[in-house]
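**Student:** Next come the chains, spelled out residue by residue.
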Amino acid sequence: MRKELDNEGFIKKVFREYYVEWRGEPPKDFRRREFAFMISRKGEMIRHKAFEEWSEVKEFLRRNSPLHVYYSSAYYAQPSVPDMDAKEWMGADLIFDIDVDHMYTPCKEQHDKWTCLDCSTAGNGMPPEACPKCSSKRVEAKTWFCEKCLEVAKEETIKLVEDFLIQDFGFSPQEISIVFSGRRGFHIHVESDVVRGLDQRARREIVDYVKGTGLVMQDKKRKVLAPPLNAGGWPGRIAKGVYELLNSNNVEEPLNLKGGPKIEEAIKAIIKGLEEAQDYWPLEGIARRVWLKAVEKVITYKRCEVDERVTTDIKRLIRLPGTLHGGTGLIATKVPLRDMESFDPYLHAVAFVKGEAKVKILNMPRITFLDQTWGPYNNEVAEVPLGLAVYLICSENAVVVGEEVEDA
Amino acid sequence: MIFSKLDAATYPFISLASKLVKELEESLGINAILSPESEVLRRSVERIREAAYSRVTSVYKRDLDVEILSHPVALLLIKHINNARLVNVYAEAEKNRVLVSLLKEDYEKLMSLAVDGFNWHVKREEDRFLVRFDDYLKTSVNMLDAYWKLVNRKLVNGYVELPRKDFSRLLAEAYRIRISERANQAEEVQIHSVLKPIIEELDKEFQGILPKVDVYTMYVDKYEPSAFPPCISRLLEEAEQGKNLPHMARFTLATFLISVGKRPEELLDIFRKMPDFDENKTLYHLKHIAGEVGSRTRYSPPSCVTLRTFGLCSADDALCQRVKHPLTYYSKKLKLLKRGELEKRAR
Numbered sequence: 001m002r003k004e005l006d007n008e009g010f011i012k013k014v015f016r017e018y019y020v021e022w023r024g025e026p027p028k029d030f031r032r033r034e035f036a037f038m039i040s041r042k043g044e045m046i047r048h049k050a051f052e053e054w055s056e057v058k059e060f061l062r063r064n065s066p067l068h069v070y071y072s073s074a075y076y077a078q079p080s081v082p083d084m085d086a087k088e089w090m091g092a093d094l095i096f097d098i099d100v101d102h103m104y105t106p107c108k109e110q111h112d113k114w115t116c117l118d119c120s121t122a123g124n125g126m127p128p129e130a131c132p133k134c135s136s137k138r139v140e141a142k143t144w145f146c147e148k149c150l151e152v153a154k155e156e157t158i159k160l161v162e163d164f165l166i167q168d169f170g171f172s173p174q175e176i177s178i179v180f181s182g183r184r185g186f187h188i189h190v191e192s193d194v195v196r197g198l199d200q201r202a203r204r205e206i207v208d209y210v211k212g213t214g215l216v217m218q219d220k221k222r223k224v225l226a227p228p229l230n231a232g233g234w235p236g237r238i239a240k241g242v243y244e245l246l247n248s249n250n251v252e253e254p255l256n257l258k259g260g261p262k263i264e265e266a267i268k269a270i271i272k273g274l275e276e277a278q279d280y281w282p283l284e285g286i287a288r289r290v291w292l293k294a295v296e297k298v299i300t301y302k303r304c305e306v307d308e309r310v311t312t313d314i315k316r317l318i319r320l321p322g323t324l325h326g327g328t329g330l331i332a333t334k335v336p337l338r339d340m341e342s343f344d345p346y347l348h349a350v351a352f353v354k355g356e357a358k359v360k361i362l363n364m365p366r367i368t369f370l371d372q373t374w375g376p377y378n379n380e381v382a383e384v385p386l387g388l389a390v391y392l393i394c395s396e397n398a399v400v401v402g403e404e405v406e407d408a
Numbered sequence: 409m410i411f412s413k414l415d416a417a418t419y420p421f422i423s424l425a426s427k428l429v430k431e432l433e434e435s436l437g438i439n440a441i442l443s444p445e446s447e448v449l450r451r452s453v454e455r456i457r458e459a460a461y462s463r464v465t466s467v468y469k470r471d472l473d474v475e476i477l478s479h480p481v482a483l484l485l486i487k488h489i490n491n492a493r494l495v496n497v498y499a500e501a502e503k504n505r506v507l508v509s510l511l512k513e514d515y516e517k518l519m520s521l522a523v524d525g526f527n528w529h530v531k532r533e534e535d536r537f538l539v540r541f542d543d544y545l546k547t548s549v550n551m552l553d554a555y556w557k558l559v560n561r562k563l564v565n566g567y568v569e570l571p572r573k574d575f576s577r578l579l580a581e582a583y584r585i586r587i588s589e590r591a592n593q594a595e596e597v598q599i600h601s602v603l604k605p606i607i608e609e610l611d612k613e614f615q616g617i618l619p620k621v622d623v624y625t626m627y628v629d630k631y632e633p634s635a636f637p638p639c640i641s642r643l644l645e646e647a648e649q650g651k652n653l654p655h656m657a658r659f660t661l662a663t664f665l666i667s668v669g670k671r672p673e674e675l676l677d678i679f680r681k682m683p684d685f686d687e688n689k690t691l692y693h694l695k696h697i698a699g700e701v702g703s704r705t706r707y708s709p710p711s712c713v714t715l716r717t718f719g720l721c722s723a724d725d726a727l728c729q730r731v732k733h734p735l736t737y738y739s740k741k742l743k744l745l746k747r748g749e750l751e752k753r754a755r
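Top to bottom, those sequences are chains A and B.
Residue numbering for the first sequence is 1 to 408, as defined by the working numbering.
Residue numbering for the second sequence is 409 to 755, as defined by the working numbering.
None of these hints come from the bench; they were simulated from the model.
Misleading hints may appear alongside valid ones.
Here are some of the chain A residues that sit facing chain B, going by a computed Cβ distance under 10 Å [claimed, not checked]:
1. His111
2. Val207
3. Tyr209
4. Leu257
From chain A, some residues computed to sit far from chain B (all C-beta separations above 12 Å) [said to hold, decoys possible]:
5. Asn124
6. Arg183
7. Gly197
8. Lys220
9. Glu252
10. Arg366
Restricting the straight-line Cα-Cα distance to at most 25 Å, the calculated cross-link-like pairs of lysine-lysine (BS3-like) are [to be verified]:
11. Lys562(B) <-> Lys240(A)
12. Lys211(A) <-> Lys732(B)
13. Lys562(B) <-> Lys137(A)
14. Lys221(A) <-> Lys573(B)
15. Lys562(B) <-> Lys302(A)
16. Lys211(A) <-> Lys562(B)
17. Lys223(A) <-> Lys573(B)
C-beta: ideal position from N, C-alpha, C; glycine also.
So that you can see chain A by itself, here it is in the shape it has in the complex (with noise of 0.2 Å):
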């Protein structure tokens, strides 16, 4: 008997061919993390599964072929217990998920759509809250994941990595792992010894200090006191992008200010005083005016758009490295931070490299895909690379058509 293959038992046979060969690196301590498996789309997910062997785990995906995988940031005494107190929390990994998401990118006006579920108004880019219409939060959002989101999303990782933890937190470049999201992001990790035990708070610190949230440019008796260039930290960030911004040529603009004499005074004043100062020196005046403004507005392109909840919770779950994102059907890869420039996910993170198939696009924006341009396409049938074939499919931006399987 022959049966017409679906979407689904499409997704299975192909996820279940990535899983016989799957070489992924266990994370550290694996033996202490609990592990969690979405088997299908409307099943529920599995979790509080533990392993002893790594061989285990490869044996489990490949019997399972799931759609999506996660392990435990935290190292737990008894990872397999179901209730959360029980398993013994011992620490936990540092976590920062960078996702696009989140951000604004003037490019979401041209590929996103969404639509309410309700009553079917419509629009382009960022999905509201809820529908302008009738409220409904049952808003579906169909995003595309262009070159120009994938750049923001790989600055801000980037400025992450180096400006924050590197050099201000000091973890060596070993401790830090950058994932690919599967999606519109990049997961960073951190695993050491310096982060294992922090709790909720210390982390919501940590958060702060990376968004710059709650820094405070006043001291107590409300004197503005500007940074010396050299100094560590956002002191010194601060100081040098004012320098930087206040030396460009278009500075009425960022700072929206009405030019003027005594603003150009102002400004060449901060300029020379960072120019010379080795210590603390105090603002007043209009100087005082120009430079609060000039920081807020460092503030916002130096800090780091990281998703809060996921760092500060100490007991999240996230995507194992190497394995399938169910949505996608991309690797979450590892990325080495000397490799994020020339980083391209659908190139680098394509599981399915060799073979085409024939499906049925329903919506698709013109994408380089394994370096060729495909698309746009709507509504149509066409023969396109594997790879591609099943990210439209896992996206929901396509449908199988005319692949029959045996019947098992």
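Based on the hints, put chain B in the right spot on chain A.
**Tutor:** This is chain B only, laid out in the frame that chain A set:
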């Protein structure tokens, strides 16, 4: 660095102090230490009273053995008096005492105290200390002033730069945390019979001056919007204007209002103007927060630290500087208002 006996009496957190306590316990015997006429017991009770009445303890230099032993004995008594307020007051008083001494110490001594007492990773650079950020955070998270936020410190290569004075303050705070942790640790020790009457006496004595209240589980059954902290007043105003508030803002508003006696049904009108209002869903959420459905836990409003992280803090008055929780603000403000009214009436 080699510490002296005086150091052990002044800084009970160093390892020499615990070593001496153990030695003295062995040589004197626990019965002698806790006998009714014992000088140690007298001094321990005195310590606690000093803390309760003057908010700072003293150092008893006449007999260092007695002083060294009085630290653990005082803690033992406090543990059994079971008054959360007393624990805080005592820890604070000890911190104040230690801070005065620390401010007089030289660099080398300060560094040794931090390493020996708290295993901090510390370096010295000219007139500043460098403390590894994890050691810094474990203590600084308890210090509410924005001055202590990591973002406002110089952090380079994993180390936080601190001037000497701040280093001493951080160290004193670490000691305060240790005391309150030790005092709150559950321990099943048979209370020595000599201690029972003392514990009862102190318990009674402090009930009047140090009421047993825990603000975080407080339920102030009085609805007085004029006493609301600025963050809550602002959120309430925004909700009434029909602004689409983020989740955390709604949660804060709902938990606060429920904590001051509002019923979930009464809150519906506040959320009604939100663009995505759904009566059934909102009521369910409110009941959940109130502990009437679901997990049956009543949720408390987030603390000031959390509100600050979520950008919901609008601290703009002097009282904000003195509290760590919106509910504490509310109860303090209520008292202030009441006092103001009484004064008006008296006039």
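**Student:** For every hint, state whether the structure bears it out.
**Tutor:** Verification of the supplied hints:
{"no.": "1", "hint": "His111", "verdict": "violated (25 Å)"}
{"no.": "2", "hint": "Val207", "verdict": "holds (7 Å)"}
{"no.": "3", "hint": "Tyr209", "verdict": "holds (5 Å)"}
{"no.": "4", "hint": "Leu257", "verdict": "violated (25 Å)"}
{"no.": "5", "hint": "Asn124", "verdict": "holds (20 Å)"}
{"no.": "6", "hint": "Arg183", "verdict": "holds (22 Å)"}
{"no.": "7", "hint": "Gly197", "verdict": "violated (8 Å)"}
{"no.": "8", "hint": "Lys220", "verdict": "violated (8 Å)"}
{"no.": "9", "hint": "Glu252", "verdict": "holds (28 Å)"}
{"no.": "10", "hint": "Arg366", "verdict": "holds (35 Å)"}
{"no.": "11", "hint": "Lys562(B) <-> Lys240(A)", "verdict": "holds (14 Å)"}
{"no.": "12", "hint": "Lys211(A) <-> Lys732(B)", "verdict": "holds (22 Å)"}
{"no.": "13", "hint": "Lys562(B) <-> Lys137(A)", "verdict": "violated (43 Å)"}
{"no.": "14", "hint": "Lys221(A) <-> Lys573(B)", "verdict": "holds (18 Å)"}
{"no.": "15", "hint": "Lys562(B) <-> Lys302(A)", "verdict": "holds (16 Å)"}
{"no.": "16", "hint": "Lys211(A) <-> Lys562(B)", "verdict": "holds (15 Å)"}
{"no.": "17", "hint": "Lys223(A) <-> Lys573(B)", "verdict": "holds (20 Å)"}
Comparing the model with each earlier hint shows violations of hints 1, 4, 7, 8 and 13; every other hint is respected.
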